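Participant: For the protein sequence lines, the chains are Z and W, in the order given.
According to numbering that gives the first Met the number 0, the residues represented by the first sequence are 0 to 275, in order.
According to numbering that gives the first Met the number 0, the residues represented by the second sequence are 0 to 256, in order.
I should point out that these hints are in silico values taken from the structure, not numbers from a laboratory.
Treat the hints with care, since some could be wrong.
[Unchecked claim] List of simulated lysine-lysine pairs, DSS-like, C-alpha gap at most 27 Å: (1) Z:187 with W:111; (2) W:54 with Z:187; (3) Z:206 with Z:87; (4) W:219 with W:249; (5) W:219 with W:54; (6) W:244 with W:219.
Source: prediction; values computed, not measured.
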Amino acid sequence: MLPEATRFAERERPGFRHAIVRALTRYTLLSGATVVAILTAWWALTALGFGARFALPSPADLAREAGVLAAQGYAQQPLSTHVLASLKRTLTGLGAGLAVGIPLGLWMGTSRTVFAILAPVFSFLRPIPPIAFIPLMILYFGIGEFSKVFLIFIAALSYVLLHAVAGVRSVPHDLLSAGRNLGLTRAKLFRHVVFPAALPHIMTGVKTATAISWAIVVAAELIAAQAGLGFMVMDATTFFRVPDVYIGILIIGLIGVTLELVTRAIERSLLHWQGR
Amino acid sequence: MTAAIALRHAGKVFAASVRGQSPFVALDNVDLVVEAREIVAVVGPSGCGKTTILKLVAGFDVPTSGSVMVNGRPIAPPGPDRALVFQSPALFDWLTVADNVIFGPRHRGEPKTDYLARAGELIDAVGLAGWERHYPYQLSGGMRQRVQLARALINRPAVLLMDEPFGALDAQTRSRMQELLLRIWAAYHPTVLIVTHDVEEALLLAHRVYVMTRAPGHIKSCVTVPFGHPRGVDLVGTAEFAALKYSILKSLWEENV
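Required output: the full structure, derived from the provided sequences and hints.
Facilitator: Okay, here's the thing in structure tokens:
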């Protein structure tokens, strides 16, 4: 038997770092093997002379060009400026979308009335590819930062909202009864039972919203931007700088994977109690 | 002395949910009394309305006729004075065993030193010492029900309401839990109303057993169990126990004809 002080001490949680380490080590070897296999196949194709050199540069060509880009930047701006421009737009739009979407979704999940009022808006918006709104955004807000951030905001909002609603509705009935039986007020029931019980769904929404936001920023930059990875890919296509197109795509992909890993680690750390 | 729980001519009729269906009578003219410090069981087939009785006493539902009183007062909205133990574990999965147990008093703003001391004692009493900082996913089915029991008892309820609490457990775990409940009763003498479809469980645990039938939800008989406390699970091996069990089963069989 433990002394009282230890029995009720603040629990230690498997922390964020622990979650990252777990996410990285498990089956990392197999995944690494896939990457190596693809790179080898690519190298073999170019070495054997398949495809035109200008359309499919070899890994060595790309590595060389990446060195040049890293040193000189692209379009008179360092590479980091492009990366940070895209990341800043994504994270701003995503952050605002989550900040509004999670509370709004929880509210819609709790109140049939609120749901009935707001659901048509989001049911209509969600199936429309956000890219379709780009021309309108430019018309309304010009080609500045706001139109791109706003587009991401809307997309992130409508996805995380959907999952927050589903989360509230999935809370087991017995759990709510247990909370009421233990004498919780409505506000406390929401905060200490409904919210934590809905968190797994909300986190799925956060992951989806993050992935979608990143895809949208690149698409928005393809159409109207003076900096950013999407701009870089589009601009390099215009000037037929094919290796730069590849490098731009590779960076977009790598950052996408990183965002996925980070959100998954946050999820594992917040939902460690699911025992997965 | 007023009874801990008293149902007088209690009835519950649910309005038809589909047009053309007749209203559903869940309880019909039920009289049921639980005295303080008594264990009373309600047995009957599924759908006989025994869970409806618990819901009325817990305050999740109101009777459509008759009255339901707890300690002489009409039932109030759900509250910890009538603590529930569910068949499903119904634990807060994101909280440790200790935090699950103290959930009620903590969020009602009771003094921490009080409930922590009670929690420690109860966690020992239900045999979970050393598991305080584990999460529900790390526990077996029987252990989860032990947590529920402690989470209910920490509120010092006027009555403990149990809805098929051991129904989802395997036979061995179930009899260990029954023994635990008998030990808890011997230590704290809580007033218990337990609903079960298991006649053996009802006879083993209760001082009195109400037998319910499905036509529609009414009480057929009330059996006073002649065995004294303290009891152990080996009671089920005695001839008197077997005879009593048989007579109750027979009265239930008659209903199904």
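Participant: Each hint: holds or not?
Facilitator: Structure-based check of all given hints:
{"no.": "1", "hint": "Z:187 with W:111", "in the structure": "18 Å, holds"}
{"no.": "2", "hint": "W:54 with Z:187", "in the structure": "22 Å, holds"}
{"no.": "3", "hint": "Z:206 with Z:87", "in the structure": "18 Å, holds"}
{"no.": "4", "hint": "W:219 with W:249", "in the structure": "12 Å, holds"}
{"no.": "5", "hint": "W:219 with W:54", "in the structure": "20 Å, holds"}
{"no.": "6", "hint": "W:244 with W:219", "in the structure": "15 Å, holds"}
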